[in-house]
Each structure stands twice: as structure tokens, then as C-alpha cells.
Amino acid sequence: MLKDKYEKIIYFDTETTGLDPVNNQIIEYGAFTRAGIGGARCSENYDKFVKLSIEPEIPQKITDITGITGFDLVKGIEEADLVKELLRAYSQCKTTLLVAYNAQFDLNFLAVLFCSMKDKVLRKSVLDAFMSCDFLDAMTVYADRSSPCRLQNAITHYGLDDRVKNSHRAVDDAEALAAVCDAMEAERDDLLKYINLFGYSPRHGISYRQLKKVTYKEQSQAFQMRPESECLYSKGGD
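Here this note's numbering is used: the first residue of the sequence shown is 2, the next is one more, and so on.
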């Protein structure tokens with residue numbers, strides 16, 4: 002199980018001003034973190050708005066989706082302060098796992114943010130810490146079990162609607178992600194086989210830049226509740 006391998010597991014989500022990691026930016030970062038090996042674990046939530054640095058104002062369509070306004074962001078932290086806090090989070094334990102839903106999206110936004118730091122020492126330190134972590138894309142796991150594979154579909158599939166919500170707010174979605182991962186691991190204890198293994202649509206290809214430590218495999222969503230022999234990890238991803 003994940004908890005037996007990783008001293009820290011960070012389930013996280015980002016809200017952004019758009020879909021382009023270079024020309025858009027993170028406006029909210031939320032995480033649900035579990036720390037400790039095995040049964041002796043503690044958990045905590047983290048949620049921060051991030052001030053605008055690239056765009057003059059938050060697009061209205063993003064406010065419509067997330068409910069986040071320019072007033073919220075004025076009260077947020079600077080990007081460099083978020084990076085410093087993430088550096089601490091990534092550096093505290095020897096084994097850290099970063100988990101996201103459609104992780105290719107969120108991790109690319111983080112990577113671009115880290116690379117944009119003008120402080121060379123901070124930039125190198127956070128990139129080194131970031132790449133020392135392992136990555137898990139929960140959407141890749143769920144797509145090997147059912148479809149369609151949005152986070153809300155997974156929440157409903159596992160009967161979690163009364164416990165968590167996909168509100169398009171970062172900390173809510175991070176908590177929902179953790180609950181979905183728990184349900185998937187209870188259903189089939191194979192999440193470790195998906196570490197640093199991301200599936201992608203054969204129709205759309207790989208989105209954004211490929212992460213160095215990630216193996217990318219074409220993944221069909223044609224099956225419902227696939228038997229283990231048809232799962233992505235059995236096709237060379239083990």
C-alpha cells in the first residue's frame with residue numbers, strides 16, 4: 002500500500018487562470034497531506050490563494066467556475082512564498098509522493114512556476130526537491146477501472162458524494178482526491194504499480210511537456226471495470 006512505502010503523501014490540486022502553464026498561472030494551491038509510515042500517520046490541510054503576476058486580472062470564466070475573485074487573490078501570497086512553502090513540504094521526509102487528478106496538468110504548472118524563480122538558489126533547490134518526489138496520477142488509475150474519468154465520475158462511482166465534493170476549489174478537490182485514492186486502493190491494491198506512470202489519450206496525445214521521471218503510455222478508455230490483464234500497468238509499465 003502507498004502508506005507503507007511513503008513517509009509523506011501529498012494529495013494536491015491547483016486552480017489556474019487557464020490551461021497554458023507558460024501564459025497562465027496558479028491562483029490557488031490546496032493540499033491534503035498524510036505523514037508517517039504505516040498506521041502512525043497524521044494529516045493536515047493546506048490552502049492558499051496566490052497573487053496574480055502574469056495576468057492583470059482573473060478571467061471571468063475562471064471566476065464563474067471556481068468562485069475565486071480578484072479580491073480573494075489580493076489577500077493571497079506571492080508566488081515565491083508558495084514556492085518556499087512547497088520546498089519545505091517536499092524536503093521534510095525521505096520518501097514523498099505527490100498525487101493529483103490529471104497530474105500532468107498540475108505538475109506542469111508547478112514545474113513552470115519553479116523554473117520562473119529569479120532566485121537561482123531557490124530555483125535549484127525546489128526543482129531538486131520536486132524531482133526527488135514520486136508522482137501518481139489518480140486519473141490514470143481510475144481510467145483503467147471505469148469511464149468517463151472526471152474526478153466527479155470517480156466520486157460518484159465509489160459512493161463518496163455525501164463525504165466529499167468536486168467544487169473546483171483546490172482544497173476541496175484535494176480532499177476528494179484522497180478519498181477516491183483510498184477507495185481505489187481498497188478495491189484493488191495496485192496503486193504502487195502506477196507510480197511515475199501516466200496514461201494519455203491516443204486521440205489527443207501527451208499534453209504539455211513530458212516530465213523526466215515519468216513513463217507515458219497510451220491508454221484507451223474503451224473498457225468498463227477492466228480485468229487486471231487489460232490494465233495499463235500490465236502493458237510494459239510495471
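Since the hints were derived computationally from the structure, they do not count as laboratory data. In this text, all values refer to a predicted model and were calculated from it rather than measured experimentally. For each residue, glycine too, the CB sits at the ideal point set by N, CA and C. Errors might be hidden in some of the hints.
[Stated by the list, open to error] When the alpha-carbon atoms are kept at most 25 Å apart in a straight line, the in silico SDA-like pairs for lysine to any residue are as follows:
1. K121 x A184
2. K9 x P149
3. K6 x T96
4. K6 x G19
5. K125 x E188
6. K52 x N25
7. K85 x K125
8. K213 x K76
9. K194 x K85
10. K214 x A90
11. K76 x E56
12. K85 x D135
13. K9 x T96
14. K9 x K119
15. K9 x G206
16. K95 x K125
17. K218 x C43
18. K49 x D73
19. K52 x K6
20. K218 x A184
21. K119 x E80
22. K62 x L88
23. K194 x R124
[Claimed, not checked] Using C-beta positions, here's what the derived DEER-type ranges look like:
24. D82 x S221: 40 to 46 Å
25. Y209 x K166: 25 to 31 Å
26. R42 x D120: 20 to 26 Å
27. P57 x C116: 36 to 42 Å
Each hint tested on the structure:
Distance check on the hinted pair: K121 and A184 sit about 41 Å apart at the alpha-carbon level, beyond 25 Å; violated. Only pairs whose Cα atoms come within 25 Å are accepted, and K9 paired with P149 is rejected, the gap being roughly 30 Å. Pair hint K6 plus T96 holds up; C-alpha atoms about 8 Å apart against a cutoff of 25 Å. Simply put, K6 and G19 have alpha-carbon atoms about 35 Å apart, too far for the 25 Å limit, and the pair is violated.
Of the pairs offered as hints, the one joining K125 and E188 is violated, with about 39 Å between alpha carbons and a cut-off of 25 Å exceeded. For a cut-off of 25 Å, the pair hint linking K52 to N25 stands: about 12 Å separates their Cα positions. Taking the CA atoms of K85 and K125, the gap is about 12 Å. The hint holds against a cut of 25 Å. Simply put, K213 and K76 have alpha-carbon atoms about 35 Å apart, too far for the 25 Å limit, and the pair is violated.
As the CA atoms of K194 and K85 are separated by approximately 31 Å, the hinted pair breaks the 25 Å bound. Annotation: proposed proximity of K214 to A90 holds, straight-line Cα distance about 20 Å (limit 25 Å). As the CA atoms of K76 and E56 are separated by approximately 16 Å, the hinted pair is consistent with the 25 Å bound. Of the pairs offered as hints, the one joining K85 and D135 holds, with about 19 Å between alpha carbons and a cut-off of 25 Å not exceeded.
Restraint check for K9 and T96: the C-alpha separation of about 6 Å stays at or below 25 Å, so the hint holds. Among the hinted pairs, K9 with K119 is inconsistent with the structure: their alpha-carbon atoms are about 28 Å apart, more than 25 Å. The suggested pairing of K9 with G206 is violated, with an alpha-carbon distance near 31 Å, which exceeds 25 Å. Of the pairs offered as hints, the one joining K95 and K125 holds, with about 18 Å between alpha carbons and a cut-off of 25 Å not exceeded.
Pair hint K218 plus C43 does not hold up; C-alpha atoms about 34 Å apart against a cutoff of 25 Å. Pair hint K49 plus D73 holds up; C-alpha atoms about 10 Å apart against a cutoff of 25 Å. For the hint linking K52 to K6, the alpha-carbon distance of about 35 Å lies beyond 25 Å, and the restraint is violated. Annotation: proposed proximity of K218 to A184 holds, straight-line Cα distance about 24 Å (limit 25 Å).
Restraint check: the Cα-Cα separation between K119 and E80 comes to about 11 Å, which is no more than 25 Å; the hinted pair holds. Restraint check for K62 and L88: not satisfied, since their Cα atoms lie roughly 31 Å apart, outside the 25 Å limit. Taken as a hint, the K194 and R124 pair is broken in the structure, with Cα atoms around 31 Å apart against an allowance of 25 Å. D82 and S221 have their C-beta atoms about 42 Å apart, which keeps the hinted 40 to 46 Å range intact.
In this structure, Y209 and K166 meet the distance hint of 25 to 31 Å, their C-beta atoms being roughly 27 Å apart. With their beta carbons about 33 Å apart, R42 and D120 fall outside the hinted range of 20 to 26 Å. Checked against the hint of 36 to 42 Å, the C-beta distance between P57 and C116 comes to roughly 22 Å, which is inconsistent with it.
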